[in-house]
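A.B. asks: Sequence:
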Amino acid sequence: MVTRSGVWSVSLGQGVDESGGDRDHIIRIPEGPVDQGPAAAGRVRELEEQLIKAKEQIEIYKKQPGNAGPGREHEELRRKIENGVKELWFFVQSEVKKVKHLQGEEAQKHADALLENLGHQQRSIMTDVYYLSQTDGADKWREKEAKDLTDLVQRRITYLQNPIDCSKAKKLVCNINKGCGYGCQLHHVVYCFMIAYGTRRTLILESQNWRYSTGGWETVFKPVSETCTDRSGTTTGHWSGEANDKNVQVVELPIVDSLHPRPPYLPLAIPEDLAGRLTHLHGDPSVWWVSQFVKYLIRPQAWLEKEIEEATRKLGFRHPIIGIHVRRTDKVGTEAAYHPIEEYMVHVEEHYKFLARKTEIDKKRVYLATDDPTLLQEAKSKYPDYEFISDNSISWSAGLHNRYTENSLRGVILDIHFLSQADFLVCTFSSQVCRVAYEIMQTLHPDASANFRSLDDIYYFGGQNAHNQIAIYPHKPQTTEEIVLEPGDLIGVAGNHWDGYSKGINRRNGRTGLYPSYKVKENIETIKYPTYPEADNEKPQ
1 MVTRSGVWSV SLGQGVDESG GDRDHIIRIP EGPVDQGPAA AGRVRELEEQ
51 LIKAKEQIEI YKKQPGNAGP GREHEELRRK IENGVKELWF FVQSEVKKVK
101 HLQGEEAQKH ADALLENLGH QQRSIMTDVY YLSQTDGADK WREKEAKDLT
151 DLVQRRITYL QNPIDCSKAK KLVCNINKGC GYGCQLHHVV YCFMIAYGTR
201 RTLILESQNW RYSTGGWETV FKPVSETCTD RSGTTTGHWS GEANDKNVQV
251 VELPIVDSLH PRPPYLPLAI PEDLAGRLTH LHGDPSVWWV SQFVKYLIRP
301 QAWLEKEIEE ATRKLGFRHP IIGIHVRRTD KVGTEAAYHP IEEYMVHVEE
351 HYKFLARKTE IDKKRVYLAT DDPTLLQEAK SKYPDYEFIS DNSISWSAGL
401 HNRYTENSLR GVILDIHFLS QADFLVCTFS SQVCRVAYEI MQTLHPDASA
451 NFRSLDDIYY FGGQNAHNQI AIYPHKPQTT EEIVLEPGDL IGVAGNHWDG
501 YSKGINRRNG RTGLYPSYKV KENIETIKYP TYPEADNEKP Q
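The UniProt record's numbering numbers the first residue of the sequence shown as 1 and each following residue consecutively.
Check the hints yourself; a few may be wrong.
What the hints assert, rightly or not - Derived CB-CB ranges, DEER-like:
1. Asn247 - Val129: 51 to 59 Å
2. Ala494 - Ile361: 32 to 40 Å
3. Ser393 - Asp128: 37 to 45 Å
4. Asp385 - Glu116: 13 to 21 Å
5. Gly215 - Val129: 46 to 54 Å
6. Asn407 - His101: 41 to 49 Å
7. Asp273 - His101: 50 to 58 Å
8. His445 - His497: 23 to 31 Å
9. Arg277 - Leu132: 14 to 22 Å
Said to hold, decoys possible - Below, simulated BS3-like cross-link-like pairs (lysine-lysine); rule was C-alpha separation at most 30 Å, straight line:
10. Lys97 - Lys109
11. Lys80 - Lys147
12. Lys86 - Lys140
13. Lys476 - Lys98
14. Lys98 - Lys519
15. Lys519 - Lys100
16. Lys353 - Lys109
17. Lys314 - Lys364
18. Lys140 - Lys363
19. Lys168 - Lys246
Read the hints as simulated data drawn from the structure, not as lab findings. Even glycine gets a Cβ: it sits at the ideal position worked out from N, Cα and C.
Given the sequences, and given the hints that come with them, work out the whole structure.
C.D. replies: What follows is the structure, given as structure tokens:
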């Protein structure tokens with residue numbers, strides 16, 4: 001810019017003047033015709049000196065902490081505010097609904113208006129929190145940090161899975177044919193992979209005669225190794241613990257239900273060397289860590305990649321879109337309760353109201369994944385202002401009588417893909433399909449930990465170690481169903497009731513009951529995983 005004195009000034013960032021106020025780092029370049037003789041030479045020398053100083057200032061500015069992204073405390077506080085607001089909203093909704101049933105017609109109208117107004121207020125606060133998360137280059141920092149961390153972990157996995165000499169490599173053998181569905185089997189392989197990674201063993205995946213595809217895993221996804229798929233070795237044994245198996249080259253791993261002794265490399269623990277960066281970046285580091293193994297495992301073969309592209313075009317899948325997964329067959333009545341479509345759509349509508357504050361909504365789209373072929377028509381008739389995107393042939397193939405076929409496998413893979421690609425996910429975390437979609441979602445965004453609403457469970461990984469929280473505020477029970485909390489108490493989590501309260505056991509006194517969700521924080525367990533420094537030159541696959 002040109003100053004009043006006719007001098008060009010160039011800003012190089014902000015500093016502090018002698019009085020303590022902000023000022024720009026400025027170099028001043030004289031304006032006007034170039035002088036001849038000694039005066040001109042003096043100006044050139046002055047300009048050269050200013051340019052040298054400018055370069056020095058630029059280097060100093062680059063090294064300032066603010067340019068490394070927001071501080072860890074800033075990020076953790078932002079997520080705490082977000083979670084606190086959500087928990088408050090769950091509580092208010094629950095309490096006001098109770099009042100509705102206790103009072104007369106006028107009170108019910110008042111309660112409805114109160115809920116509507118509180119909803120506006122909650123969305124306003126959450127929108128502010130969202131924009132806070134994008135300030136000061138924080139969004140760009142998250143993108144870069146997420147990519148750097150992902151590349152690092154994928155390099156390490158690639159290194160482990162591709163030993164120079166397979167005949168000498170230590171191996172962990174995992175058979176895919178656990179007696180359950182696709183999501184459960186994928187999680188079984190993830191569990192094997194995490195233990196292989198922790199014990200420095202190359203994972204050998206046995207998948208011939210896979211119940212979904214007799215040709216095995218490699219007919220659908222890329223091989224887990226390019227150099228080592230042979231399970232042979234000089235010594236072989238069943239899992240008996242990392243220390244006991246130290247001199248055994250090939251170890252066979254049982255399903256997690258039969259695992260003994262249990263190694264430390266099970267969810268929800270995360271690597272010690274990455275913990276600081278992960279808790280800085282992500283709202284649920286445990287899910288992020290699981291997602292890295294899912295990412296490596298489900299790299300599609302060319303035919304599947306083409307199939308996904310064609311399905312995307314055929315279905316007209318585009319953003320904004322919210323994914324819902326409705327499980328109606330084998331889980332209902334045993335592992336999960338029946339949930340009508342209305343329960344899902346309440347949260348779909350709520351999230352679209354939130355999205356509308358940030359972006360233009362041309363059409364409210366919903367990707368519907370279900371094993372109930374009649375649900376698509378029901379949803380369309382009940383919610384005509386929504387565009388439901390669904391493939392009914394997938395619903396038919398997901399039925400119990402068709403479940404273990406290649407067509408069914410194609411269907412569940414497509415459903416999980418589209419659910420993970422959605423802007424928000426509404427489902428039941430009691431379903432493995434729902435949890436896999438949520439895990440994959442974490443690999444597509446720097447932090448998608450809050451991009452879901454589960455109608456039942458909190459996130460968990462089958463066979464995980466204890467999920468604990470730490471009390472950060474005291475709590476005095478208001479009812480006989482609640483438990484006492486003191487700051488520092490370790491709480492074993494049973495679940496979140498999504499009404500402002502969670503249920504768990506206070507490990508200090510052994511009491512089980514309800515407690516306000518906002519009065520605790522997650523207890524992130526860290527363990528010493530191998531760091532694989534040899535992988536630095538690997539290229540992620």
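A.B. asks: Taking the hints in turn, state whether each one holds.
C.D. replies: Verification of the hints:
1. For the hinted restraint 51 to 59 Å between Asn247 and Val129, the CB-CB distance of approximately 54 Å keeps it satisfied.
2. Taking 32 to 40 Å as the suggested C-beta distance range, the pair Ala494 and Ile361 conforms, at roughly 37 Å.
3. Between Ser393 and Asp128, the C-beta spacing of about 44 Å keeps the proposed range 37 to 45 Å intact.
4. Between Asp385 and Glu116 the CB atoms are about 18 Å apart, so this pair conforms to the stated range of 13 to 21 Å.
5. Checked against the hint of 46 to 54 Å, the C-beta distance between Gly215 and Val129 comes to roughly 48 Å, which is consistent with it.
6. In this structure, Asn407 and His101 meet the distance hint of 41 to 49 Å, their C-beta atoms being roughly 47 Å apart.
7. For the hinted restraint 50 to 58 Å between Asp273 and His101, the CB-CB distance of approximately 53 Å keeps it satisfied.
8. Roughly 27 Å separates the CB atoms of His445 and His497, a value that falls within the hinted 23 to 31 Å.
9. The beta-carbon spacing between Arg277 and Leu132, approximately 21 Å, falls within the hinted interval of 14 to 22 Å.
10. At roughly 11 Å between alpha-carbon atoms, Lys97 and Lys109 fall within 30 Å of each other, so this suggested pair holds.
11. Our distance criterion of 30 Å between C-alpha atoms is met by Lys80 and Lys147, whose separation comes to about 24 Å.
12. Restraint check for Lys86 and Lys140: the C-alpha separation of about 26 Å stays at or below 30 Å, so the hint holds.
13. As the CA atoms of Lys476 and Lys98 are separated by approximately 22 Å, the hinted pair is consistent with the 30 Å bound.
14. At most 30 Å may separate the alpha-carbon atoms for a hinted pair to count; Lys98 and Lys519 meet this at roughly 23 Å.
15. A C-alpha spacing of about 27 Å is found between Lys519 and Lys100, which places the hinted pair at or below 30 Å, so the restraint holds.
16. About 21 Å separates the Cα atoms of Lys353 and Lys109, which keeps this hinted pair within 30 Å; it holds.
17. For a cut-off of 30 Å, the pair hint linking Lys314 to Lys364 stands: about 18 Å separates their Cα positions.
18. Simply put, Lys140 and Lys363 have alpha-carbon atoms about 28 Å apart, close enough for the 30 Å limit, and the pair holds.
19. About 14 Å separates the Cα atoms of Lys168 and Lys246, which keeps this hinted pair within 30 Å; it holds.
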